[in-house]
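S.K.: If you read the sequences in order, they're chains H and E.
Take the first sequence: its position 30, counted from the start at 1, is 30 in the numbering used here, and no numbers get skipped.
Take the second sequence: its position 42, counted from the start at 1, is 42 in the numbering used here, and no numbers get skipped.
Hints listed in this document are in silico derivations from the structure and should not be mistaken for laboratory results.
Each residue gets a CB set at the ideal place from its N, CA and C atoms; glycine is no exception.
A portion of the hints provided could be inaccurate.
Stated by the list, open to error - Here are some chain H residues pointing at chain E (derived, C-beta under 8 Å):
#1 Leu36
#2 Ala40
#3 Leu47
#4 Gly53
#5 Ser57
#6 Leu153
#7 Ala164
#8 Ser192
#9 Ser195
#10 Met208
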Amino acid sequence: MIRYYWNITKKVAAISTSSMLAYRSNVLFFFLFESLFLAANMGGIALGVQLAGGQLSGWSFNQVMFVASVFGVGHQIFTALCISGLFHTGWFVWSGRMDYVLLKPLHPLIAMHAANEFIVSNVPNLIINIVIFGFFSAKVAAEGVVFGFWNCLGLLLFFIAGLAVRYGVALLVVAPAFFAEKLAEGEDAYWSLQSLAKYPTGVFPRTMQWVFSFVLPLASVAAIPAEVFFGRQSIYQSTVHLIVAVTFSWLAVKFYELGARRYQSVNTGA
Amino acid sequence: MTSSIEKNQTAPFLILLKASGVYFGQCIQAALLYRSALAIFLISEAFAYAGFITFWYKAAASNPSQQIYQPLALVLYFALASFHHSIQHHAASRDLGSDIRLGKLSYAIIRPFPFLLQAALRSMAFTLTYFILLLPLLIGAFVFVPSLWQSFSAGFMPQTWWQYSIALFIGLGCGWFVRMLVGMLAFDMAQIWGPDTFFIALYYAASGAVFPVDLLPIWAMTIVKYTPMYYMVGFPVLTLMGRIPAADFNTEASRGVLVLAMTFILMLLLWRRGIKRFEAIGI
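Extracted from the complex, chain H is given alone in its bound form (with noise of 0.2 Å):
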């Protein structure tokens, strides 16, 4: 009887360690995806740049890839801290799960990114887009662009503001769950959008540029950020991308708080 507890312990243990261990092998996958995905991205668009002869719509190749690079940044910061909090929201909704987050007493928001978890697998990608940026930012300041002291702090700034329409995009594509079940795969339709920030503002036609600019703020993810920081936008100009950005962030929360006060714990979960 104990040989046969003992055996048996020992499978268990050996079934258990395996699983975890390719369970684990899982973030190694990821941090490769990643890095792939990036390489895709830029190599993706540095084929274009050369395409078009090293220069695209007046900006030099190390611009357009400064761009891009501003980009990732974003991509990996938001992918680390607020994917899981917001693409899990149509299946709270969809199981019924979102009954306990609407119970804490926090912004609907706030509880959901503390139900679920920080992707910190992302974090050296993070690390690489970082050291990418910095590369370009080496390149586009051997070119002559002078890191002045404001236009580092523009940079910041709209970069800042670039990560809230980020959020505020996501808040867009994930609380129609609240209004429909069926509706609850917008994940896949943020991916689409968002990657449209990659690319200088120029090299849309104007009405898209303009869409961009004030209805969908997507060049305010990457584009702005930058061109603040070579000093293509006014004042003025940059001031409006500013205001534009948050009252885009702004009225996608208060999308999602409302789609929140509608969730009745109906949804049929299947």
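Fit chain E to the known structure of chain H by using the hints.
M.R.: Just chain E now, with coordinates in the frame of chain H:
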């Protein structure tokens, strides 16, 4: 008593066919219901493709001296690539992985037709609904983008039809087999999102979905052509655009068939190994 698994091996062909038809119909119905949320998805996809296309159009138009891709050819590439990318967008790996881990395989395996056929039919239904829903977008691109049709027909030869049919067959086959192969890792892993996302990254880097794959340096193209990813988007699109010389097509298609066969064999080995170890415990 004959076990259900033994019956599985002996089901008459007509019953198998009928059951497959019923199951396929159910999958289409379920997939269509889920696609009722497609409006958000389609709008955002359309935005993303518009972004891709304008970036690449601008890139090609900024440098008139380059002879690699004319601006309109790039628009055509991305119109076709986005369509092929979308029909490769099914969840065979995720679904198969959860079937294995969550125990659905346990009861599905006693149905009187092969389990893998269910998984394949489900992803085929998913692809077919995408095909039907996205076709108007593709037609719209040809109708509304001036001269796009002329650009397309200029590279279209009589043999393009059968070449494209072969390329599409290889591409869809590679897509299904690779994704099912990734799903089968669930026999050994509690969750497969790691390998699945890694595959997606490889796909983006090597398929030609996010940049024209033939712009890669020659050494990179040589490597890429030995992966299933190239055949999922790049190969059928370049074939349809007439960018693969007739003399090279047979070589590329043969290599594609080889890659497809290797992927299938690997998938089959993984399945046979996994099903022997499967204990329906789930995690």
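S.K.: Does each hint hold? Answer for all of them.
M.R.: A quick look at each hint next to the structure:
1. The interface hint given for Leu36 of chain H holds, since its Cβ lies 4 Å from the closest Cβ of chain E, which is under the 8 Å cut-off.
2. Checking Ala40 of chain H against chain E by beta carbon gives a least distance of about 4 Å; that is within 8 Å, so the hint holds.
3. Checking Leu47 of chain H against chain E: minimum C-beta separation of about 5 Å stays under 8 Å; hint holds.
4. A distance limit of 8 Å between C-beta atoms decides the matter here; for Gly53 of chain H the minimum to chain E is near 4 Å, and the interface restraint holds.
5. The criterion of a C-beta within 8 Å of any C-beta in chain E is met by Ser57 of chain H, whose closest approach is roughly 6 Å, and the hint holds.
6. With a least beta-carbon distance of about 29 Å to chain E, the hint placing Leu153 of chain H at the interface is violated under the 8 Å criterion.
7. For the restraint placing Ala164 of chain H at the interface with chain E, the shortest Cβ-Cβ distance is roughly 19 Å, beyond the 8 Å limit, so the hint is violated.
8. The restraint placing Ser192 of chain H at the interface with chain E holds, with a minimum CB-CB distance near 4 Å, inside the 8 Å limit.
9. At a threshold of 8 Å, the smallest CB-CB gap from Ser195 of chain H to chain E is about 5 Å, leaving the interface hint in force.
10. Using the Cβ-Cβ criterion of 8 Å, the hint placing Met208 of chain H at the interface with chain E is satisfied: the shortest such distance is roughly 7 Å.
Violated hints for the displayed structure, listed by number in ascending order: 6, 7.
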